[in-house]
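Residue numbers (my numbering), protein chains in the order written: chain E, 146 to 531; chain A, 11 to 556.
Keep in mind the hints are simulated off the structure, nothing from the lab. Cβ atoms here follow ideal geometry from the backbone N, Cα and C, with glycine treated the same way. Don't take every hint at face value.
[Stated by the list, open to error] Taking beta-carbon pairs under 10 Å as the criterion, some of the chain A residues facing chain E (in silico):
1) Ile87
2) Phe373
3) Gln378
4) Ile381
5) Asp384
6) Leu387
7) Ala388
8) Pro399
9) Leu488
10) Gly489
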Amino acid sequence: MMSKGVVRKFSLCMVVLLCLSGCWDSSDIENIGFAIGFGIDPGDDEQAPIQLTTQVASTKKQGGQAATAQQGKLFQNITLKGNSMQDILRSLALQLPYPVFTDHLETIVINEDTASDYDLFILLDQMLRDNVTRSSPAVLLTKQTAGDVLDVNIEGEITSRYINNFFENESSTMKILPQKRLGEVTANLIAGTSVILPSVTKGKNTVRLDGAGVIRAKDNKLAGFLTDNEVEGINWLSGNGEGGLLNYKDEKGNTIIYEIQHYKAKPKPHYQNGKLSFDVQITAQGWITEDWSLTSNNLSENYIAKLERLAGDEVVKIMEGTMEKLQQDFKTDVVQFYDSFRIAYPRDYQKMKKDWDTYFANADVQYDVEIKIVNTGDLVKEGRLK
Amino acid sequence: MGRIIEFLARTDVWLGTIVVVLVPVLSALLFKKLKELRRKTNVRPKQHFIPSNIVLTEKLTSNVKSIKAIVGDSSDIIFRQFKLGNDNRSCSIVHIDGLVDAQQLQQAVLHPLLHGKQAKSRLNLFRSQSIKDYLLNHTIEVSDIKVTKEIDKVARQLLSGSVLLLVDGLDEVLILSVKKWISRSVEDPISEPLVRGPRMGFIENLRDNTAILRRMTTDPNLTFTDFEVGERTKKQLTIAYIRDIANDELLTEVKRRIEDLDIDHAAESGYIEQLIEDDYLSIFPQVQSTERPDRVMAAILEGRVAIMLDGTPYVLIAPATFSVMLQSPEDYYERWIPMSLIRVLRYIAALLSVFLPSFYIAFVSFHQGLIPTDLALAIAGTRVGVPFPTIIEALLMEVSIELLREAGVRLPKPVGQTVGLVGALIIGEAAVQAGLVSPIMVIVVSATAISSFVSPQYNAGIALRSLRFLSMFSAALLGLYGISLFFLALCIHAVKLKSFGLPYVTPGTLYSKEDWKDFFLRLPLFTMRKRPAEYYPKDQVRRKKK
Numbered sequence: 146m147m148s149k150g151v152v153r154k155f156s157l158c159m160v161v162l163l164c165l166s167g168c169w170d171s172s173d174i175e176n177i178g179f180a181i182g183f184g185i186d187p188g189d190d191e192q193a194p195i196q197l198t199t200q201v202a203s204t205k206k207q208g209g210q211a212a213t214a215q216q217g218k219l220f221q222n223i224t225l226k227g228n229s230m231q232d233i234l235r236s237l238a239l240q241l242p243y244p245v246f247t248d249h250l251e252t253i254v255i256n257e258d259t260a261s262d263y264d265l266f267i268l269l270d271q272m273l274r275d276n277v278t279r280s281s282p283a284v285l286l287t288k289q290t291a292g293d294v295l296d297v298n299i300e301g302e303i304t305s306r307y308i309n310n311f312f313e314n315e316s317s318t319m320k321i322l323p324q325k326r327l328g329e330v331t332a333n334l335i336a337g338t339s340v341i342l343p344s345v346t347k348g349k350n351t352v353r354l355d356g357a358g359v360i361r362a363k364d365n366k367l368a369g370f371l372t373d374n375e376v377e378g379i380n381w382l383s384g385n386g387e388g389g390l391l392n393y394k395d396e397k398g399n400t401i402i403y404e405i406q407h408y409k410a411k412p413k414p415h416y417q418n419g420k421l422s423f424d425v426q427i428t429a430q431g432w433i434t435e436d437w438s439l440t441s442n443n444l445s446e447n448y449i450a451k452l453e454r455l456a457g458d459e460v461v462k463i464m465e466g467t468m469e470k471l472q473q474d475f476k477t478d479v480v481q482f483y484d485s486f487r488i489a490y491p492r493d494y495q496k497m498k499k500d501w502d503t504y505f506a507n508a509d510v511q512y513d514v515e516i517k518i519v520n521t522g523d524l525v526k527e528g529r530l531k
Numbered sequence: 011m012g013r014i015i016e017f018l019a020r021t022d023v024w025l026g027t028i029v030v031v032l033v034p035v036l037s038a039l040l041f042k043k044l045k046e047l048r049r050k051t052n053v054r055p056k057q058h059f060i061p062s063n064i065v066l067t068e069k070l071t072s073n074v075k076s077i078k079a080i081v082g083d084s085s086d087i088i089f090r091q092f093k094l095g096n097d098n099r100s101c102s103i104v105h106i107d108g109l110v111d112a113q114q115l116q117q118a119v120l121h122p123l124l125h126g127k128q129a130k131s132r133l134n135l136f137r138s139q140s141i142k143d144y145l146l147n148h149t150i151e152v153s154d155i156k157v158t159k160e161i162d163k164v165a166r167q168l169l170s171g172s173v174l175l176l177v178d179g180l181d182e183v184l185i186l187s188v189k190k191w192i193s194r195s196v197e198d199p200i201s202e203p204l205v206r207g208p209r210m211g212f213i214e215n216l217r218d219n220t221a222i223l224r225r226m227t228t229d230p231n232l233t234f235t236d237f238e239v240g241e242r243t244k245k246q247l248t249i250a251y252i253r254d255i256a257n258d259e260l261l262t263e264v265k266r267r268i269e270d271l272d273i274d275h276a277a278e279s280g281y282i283e284q285l286i287e288d289d290y291l292s293i294f295p296q297v298q299s300t301e302r303p304d305r306v307m308a309a310i311l312e313g314r315v316a317i318m319l320d321g322t323p324y325v326l327i328a329p330a331t332f333s334v335m336l337q338s339p340e341d342y343y344e345r346w347i348p349m350s351l352i353r354v355l356r357y358i359a360a361l362l363s364v365f366l367p368s369f370y371i372a373f374v375s376f377h378q379g380l381i382p383t384d385l386a387l388a389i390a391g392t393r394v395g396v397p398f399p400t401i402i403e404a405l406l407m408e409v410s411i412e413l414l415r416e417a418g419v420r421l422p423k424p425v426g427q428t429v430g431l432v433g434a435l436i437i438g439e440a441a442v443q444a445g446l447v448s449p450i451m452v453i454v455v456s457a458t459a460i461s462s463f464v465s466p467q468y469n470a471g472i473a474l475r476s477l478r479f480l481s482m483f484s485a486a487l488l489g490l491y492g493i494s495l496f497f498l499a500l501c502i503h504a505v506k507l508k509s510f511g512l513p514y515v516t517p518g519t520l521y522s523k524e525d526w527k528d529f530f531l532r533l534p535l536f537t538m539r540k541r542p543a544e545y546y547p548k549d550q551v552r553r554k555k556k
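The following block holds chain E by itself, in its conformation from the complex:
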């Protein structure tokens, strides 16, 4: 049995220890710089091939009375050059009075030249190894300087968050690709498949999503850009979109707007005697939300059947255009046809995996589109109107 004095001394030591130790990781929230966005550009010289723009949310301005005034920028961009990402990030300590935390990172914007010069894996390596950074930030490409894109000052917004929030509009238009998160990009790169990344451009005082860039699986470098309309085709082919509009014309040239409620794309692979072909089955359901033909017989079955047929033709046209570019220009499968093929022909896929993009480029694609109009809107006109 220990004497009373020893027990007392020991417990005192424990208490003192408790007060002294701990709190290693404690740092109050106002003494932290939250990095919200990264912009990666090429540096000009060989010593510093990378230029990183870090967008840090400036909390100092939001506090107290300044919050109501909403003046000035809500962020601070710091552009540094160097030969490694981590090195640049740590160099921030020379400029900022508080440590930078990347756990709220929202967007990574990569310049076109950097993306075509470097393996994407190299560019994202630091963020993947760092266990503070999440796998959730969106990865985007830009034809302009990434730093400039992040520099656009939109009133009351942090540009990176603003860009990231575009993807919430996914169900409004087919011209937005689904958000590509850091984790998904990595998964694709590891699986050895090509990736398509949304692209962003800056206007005078705005930023907008504008097409997409294709990263080929061969060397993980940028193959080229797609336009808005081709992105629409990508969404139709991959079936990953959330819905949106289909804008087409009837035979008299009147504009018809078909709103897609939901749709499905089902590529059916056929592989015989070394010949690869796909039957792409598209089924869609939606409403007519605008019709410039002013026809009186909105509810007649014939008319609706005609609109459905015309819509189907338009979809085929869009897809063919996109597919041509993918197969001829880029020779990359970014519409995930490999997935259906892997399921249908698992053994063959294992062999073909390495040069899948070549097989894809040479494949025959047939389209079978079935568009359904379930609702023509509330407007029912009597025959008097022209």
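Given chain E's structure and the hints, the job is docking chain A onto it.
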């Protein structure tokens, strides 16, 4: 093999081992010691508050003298000497002024004694045996009469308000019960108000309290067993139970603990609670206390035992579990769907009142990445310019809230309201304006304060209030990891804790679907066909119909 030896030779391994072994062993020793503190007994010399060497004799004057010697010459004790009826025998009544119904005493005792006639009686009044018979059977118009020779009983009865009648030639004392003293009227219990339910609370008088319970049932099995507690003050303590429901083992355990407890004065049932509880080191109350008769009735019908002490409206109920602390009688009075939701709400409130400030601390000073970006920026914005770390800020606010609360209890009612208002203004507005605390902290603290008021049982509420501070410190020390450790420690303690042999987290530990019907939810009454199995009632069936 060589690598193993190499591993064993390392000093850090040994150091780690020593710490891992020493910390639990030493804390076990420490707690053992603390537990022994309670069992330590002090030898008290046998006290005789009433000299037992005094014996009652047949001489009235000597008896009166002995009583005077025992009770001293207090001014409130009245000695009245008179002659019995037409007889010449001396009598004396002794009582305490203020504890006796003077009118009844005059009408039912003094009047018949002074005017007693013996004309028709053939008794010889001068023989002591017959005088006793005469008084008991023919004269005194009081129902509760005891006759005794024991001097200490006589003295105790006198001091508790009975009237003593001493007659010359009789070596016994007649103890007449004509008690009456001022007592409060039955009121709505202030500490446990309900929207729906009887507006009746216990009062300070034990007899009235047992009567209130008796009024609620005519079940002959409702039993009151009396004890005397307090070596010096000898207060009356009654345990109430239903004879054919309450488990025998529980009953004997309760009785044993009450007989074992040793104290010179029990001022309130809280004394009893602390002296009979299982673990004095635990922060949780292990005996339920209430001033609602309907709650007591429901409890004893479940097979629990109520302990009532004279002089306090608070009745103890044993055993108690954690879930009982979050139940309100109203749960059963209103319909089951809303009351189930409200009960779930109470569990959430209990959780919040312990953990909300600590979660805030952990998130803000350790895990900023877990807060949504907008909120993180907003919090960071509001905290700009606050001079203290989060833990100090939280402590500042929590302590001032507790101060206000304590002041609110102590202050006279009209002043109390003003203080509440001023306090709310100071904390809510001025502290934020002065930049001492951030507005979000104010929200957190007030939400915590509100949820701690939800607890239907005051003593459970104050336990959670104190736990909150421990939890805040562990959050400030180790963040979410600290909170998890704290929660684990709390769970381990709660699982180990027992109240009168019943695990404290019952029915959380009992895998009985029957008792879960009345745990987080309160299922419809028809589903509860049996009494809760956790109390092992002798009569299990509450409803026979399917």
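Verification of the supplied hints:
1. Because the closest C-beta pair between Ile87 (chain A) and chain E is about 51 Å apart, greater than 10 Å, the hint is violated.
2. Taking 10 Å as the C-beta contact cut-off toward chain E, the hint placing Phe373 (chain A) at the interface holds, the least distance being around 8 Å.
3. With 10 Å as the threshold, the beta carbon of Gln378 (chain A) comes within range of chain E, its nearest partner Cβ sitting at about 5 Å, so the hint holds.
4. Restraint check, Ile381 (chain A) versus chain E: the minimum CB separation of about 8 Å is within 10 Å; hint holds.
5. Because the smallest distance between the Cβ of Asp384 (chain A) and any Cβ of chain E comes to about 8 Å, under 10 Å, the interface hint for this residue holds.
6. For Leu387 (chain A), the suggested interface contact is upheld, since its CB lies about 5 Å from the closest CB of chain E, less than 10 Å.
7. Hint status for Ala388 (chain A): holds, given a least beta-carbon distance of 7 Å to chain E, under 10 Å.
8. The criterion of a C-beta within 10 Å of any C-beta in chain E is met by Pro399 (chain A), whose closest approach is roughly 6 Å, and the hint holds.
9. For Leu488 (chain A), the interface hint holds, since its Cβ comes within 10 Å of a Cβ in chain E; the closest pair sits about 6 Å apart.
10. For Gly489 (chain A), the shortest C-beta to C-beta distance to chain E is roughly 7 Å, which falls under 10 Å, so the interface hint holds.
Of the numbered hints listed earlier, the single one contradicted by the structure is hint 1.
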